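Q: Chain by chain, the residues run as shown.
Protein chains: 2
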Amino acid sequence: MQIGLLGYGVVGAGVDHLAKELDGLDVRKVLCLNLADVTGGRGVTDIAEIVDDPEIDTVVEAMGGLHPAWEFASSALRAGKNYITANKALVAAYLPELLELAQANGAALRCTAAVGGGIPWLINLERCRRVDTVRRIWGVFNGTTNFILDAMHRQGADYAEALATAQKLGYAEADPSADIDGDDVRRKLVISVAAAFGALVREQDVPMFGIRTITARDVANFRALGKTCKLIASAEAGKTVSASVEPVLYSAGTPESAIPENFNLVSFESTNAGHQSYYGQGAGRYPTAYNMVQDCLDVRSGTRRFYTKDFVRAEVDNTNVFRHYYVRTNAEDAWLDSVAAAKGDGFAVTAAISQAKFHEWAAVQRQSDPTLFFAALQ
Amino acid sequence: MQIGLLGYGVVGAGVDHLAKELDGLDVRKVLCLNLADVTGGRGVTDIAEIVDDPEIDTVVEAMGGLHPAWEFASSALRAGKNYITANKALVAAYLPELLELAQANGAALRCTAAVGGGIPWLINLERCRRVDTVRRIWGVFNGTTNFILDAMHRQGADYAEALATAQKLGYAEADPSADIDGDDVRRKLVISVAAAFGALVREQDVPMFGIRTITARDVANFRALGKTCKLIASAEAGKTVSASVEPVLYSAGTPESAIPENFNLVSFESTNAGHQSYYGQGAGRYPTAYNMVQDCLDVRSGTRRFYTKDFVRAEVDNTNVFRHYYVRTNAEDAWLDSVAAAKGDGFAVTAAISQAKFHEWAAVQRQSDPTLFFAALQ
Chain R
158 MQIGLLGYGV
168 VGAGVDHLAK
178 ELDGLDVRKV
188 LCLNLADVTG
198 GRGVTDIAEI
208 VDDPEIDTVV
218 EAMGGLHPAW
228 EFASSALRAG
238 KNYITANKAL
248 VAAYLPELLE
258 LAQANGAALR
268 CTAAVGGGIP
278 WLINLERCRR
288 VDTVRRIWGV
298 FNGTTNFILD
308 AMHRQGADYA
318 EALATAQKLG
328 YAEADPSADI
338 DGDDVRRKLV
348 ISVAAAFGAL
358 VREQDVPMFG
368 IRTITARDVA
378 NFRALGKTCK
388 LIASAEAGKT
398 VSASVEPVLY
408 SAGTPESAIP
418 ENFNLVSFES
428 TNAGHQSYYG
438 QGAGRYPTAY
448 NMVQDCLDVR
458 SGTRRFYTKD
468 FVRAEVDNTN
478 VFRHYYVRTN
488 AEDAWLDSVA
498 AAKGDGFAVT
508 AAISQAKFHE
518 WAAVQRQSDP
528 TLFFAALQ
Chain G
158 MQIGLLGYGV
168 VGAGVDHLAK
178 ELDGLDVRKV
188 LCLNLADVTG
198 GRGVTDIAEI
208 VDDPEIDTVV
218 EAMGGLHPAW
228 EFASSALRAG
238 KNYITANKAL
248 VAAYLPELLE
258 LAQANGAALR
268 CTAAVGGGIP
278 WLINLERCRR
288 VDTVRRIWGV
298 FNGTTNFILD
308 AMHRQGADYA
318 EALATAQKLG
328 YAEADPSADI
338 DGDDVRRKLV
348 ISVAAAFGAL
358 VREQDVPMFG
368 IRTITARDVA
378 NFRALGKTCK
388 LIASAEAGKT
398 VSASVEPVLY
408 SAGTPESAIP
418 ENFNLVSFES
428 TNAGHQSYYG
438 QGAGRYPTAY
448 NMVQDCLDVR
458 SGTRRFYTKD
468 FVRAEVDNTN
478 VFRHYYVRTN
488 AEDAWLDSVA
498 AAKGDGFAVT
508 AAISQAKFHE
518 WAAVQRQSDP
528 TLFFAALQ
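Line by line, the protein sequences are chains R and G.
Under the numbering used here, the first residue of the first sequence carries the number 158, and numbering increases by one thereafter.
Under the numbering used here, the first residue of the second sequence carries the number 158, and numbering increases by one thereafter.
Quick caveat, the hints were computed from the structure, so don't treat them as lab data.
Predicted model, so just to flag it, every value in this text is computed and none were measured.
Note that the Cβ used here is the ideal one computed from N, Cα and C, for glycine as well.
Some hints could be false.
[Stated by the list, open to error] Straight-line Cα separation of at most 25 Å, PhoX-like style, residue types lysine-lysine; simulated pairs:
1) R:177 to G:500
2) R:500 to R:396
3) G:500 to G:514
4) R:466 to G:514
[To be verified] If you want the footprint, here are the derived chain R segments under chain G, 3+ residues with CB under 8 Å:
5) 405-416
6) 431-445
7) 477-485
Make a model of the complete structure from these sequences and hints.
A: Here is the structure:
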């Protein structure tokens, strides 16, 4: 396999390193910012040198971002090259277009590392669907927010302190918004929904609430309730597809409640295999590079399809998902009062209410109270 | 794929049911005790009707036990038929012989369901080794003992009561010895060691201690220490291979401590992917049948190899594995006194001592005190 590698940052250099140790994976050219970073004179600065190279059969992208990744991906696929990427923003936004290009040009499209980093999540979903029907997926899909929540729960850190530690350790970026507000998780969920159910939902249709406004006081309240807070993406397929990203409170003694540091735990439930979970490093140089190299081997051994064959566009409908919510807001609200089943010091716990209705309310309430935080009870 | 199915009990009937729903998996004949159990006149009572049938390319065995499974497996493989089995006793005892027969006759040998039931453990170990080095494997490999320990911890059941419930629910057999004494786990470990490290260890060389003698009082002691007891198989590969089956105490908040009911959690650590765990149903009709059917699909798409290519016979050496042990014995012992770091009411906690030495001592101590129980501290 003759590879053109796009990007030579943390993950790109990791892919190069792992490929060197394997027979027949030859990183022939590397698109990079600084030619001196890449050994063997393989560095190039013009994408055309890769896309127009007839010796290169596979493009491995480790850049991230929508642009120019989309332009690179589409020109590589048009040139008939397989495209392997860890870029969840790209795949979540352009999955139908990428698949169409791949199919039209007989190329493979794989993105195992885009969801779960080093965890073989998409590949095992794909295997499951060969013989089974996946009904539900859920889990901790983001290591940054898990690290922050874990530090708040186990070490009693406050939010700012936990975020600062995550940034110092390289788990959170200088602008952590995509992680803490849930965008990263939502992209992974959109890709997982496609692989699990063959359903294409739009990123912006999935209601999302992150952990930006969680406080040490909230965590103390959760502890008093015997609960641990995790940022959870979940989706279920029935007559319609429900999907959401929101903080969820798990009881002590559940696997989700025990996920430490920056680990991920992602789960599915299918008719025959039942409930299965996958745990591991959801990010990092070698875990991510590991799954990208696994994709290379799968493509080399003949895999052409995406993780599932058939796609149907689906609306997200959370009307019939019912949850109890912990809600902390400092702005009075009559509707919240009307659905509150219990009140604590500064917070309410609602009766079981429609997730669709609740997220609609929260989006409005957030305007009057930017400190609003909530979490669903598992 | 034309299948000859051996056994039509819980799992065999499950395989038949799942295969019916898939194109191209044709269960042509079924070896069974009662011809009336099997539809379509497919039942046979003589193995020769399957082994000598030139139309059958794959034998799927769901019988269990060493004999006549070994005789059936060897005659099927000699006839050039692929052999897919969930029989851990067979594979742990005859792996070298089975592999030799498979290779000599160009047949496939797969046993994904033999370890972890419906969890894709062996297949993911196999994938990992394509690009990575597995250093360590460990986990909860047995749902029966996990159910018993979980009931003792969470519901405060005593051992006899928890075992009786497990038997009533069909999780434990009338004679539960193979589960509670660790034999089942040890067989799974031997197969996993082969797949993970390419090392063939002998079942009887792996020291093993089960949960037969655990009491509600022990569990109360663990709780007071903030620990949860699990029956753990583990192995590590370095210059030598260490391997053991023993109760282990995990701190609250670890994934292992949170495994409920009859679930399994099996883990590996590899150089690049890091720590990965797989969680799910380790037994049961459809989970087990699910992985057997997955094996069929893998074989149909060309898989011939076992989970790893090369095997080296290896001795088990636990001399350099050091653990602290919780020990409860009612027979005085000078050596135990000499290594005790702390004493509680009726139990001792040792300093870090060699696992090899400790299991040797425990085997002898058990003669004078059959109520002996111990557990390693994680």
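Q: A separate judgement is required for each hint: does it hold in the structure or not?
A: Evaluated hints:
1. R:177 to G:500: 54 Å, violated
2. R:500 to R:396: 35 Å, violated
3. G:500 to G:514: 20 Å, holds
4. R:466 to G:514: Violated: residue 466 (chain R) and residue 514 (chain G) sit about 55 Å apart, past 25 Å.
5. 405-416: Since 7 is at least three, the answer is holds.
6. 431-445: holds (count 11)
7. 477-485: violated (count 0)
The structure fails hints 1, 2, 4 and 7 (numbered hints given earlier, in ascending order).
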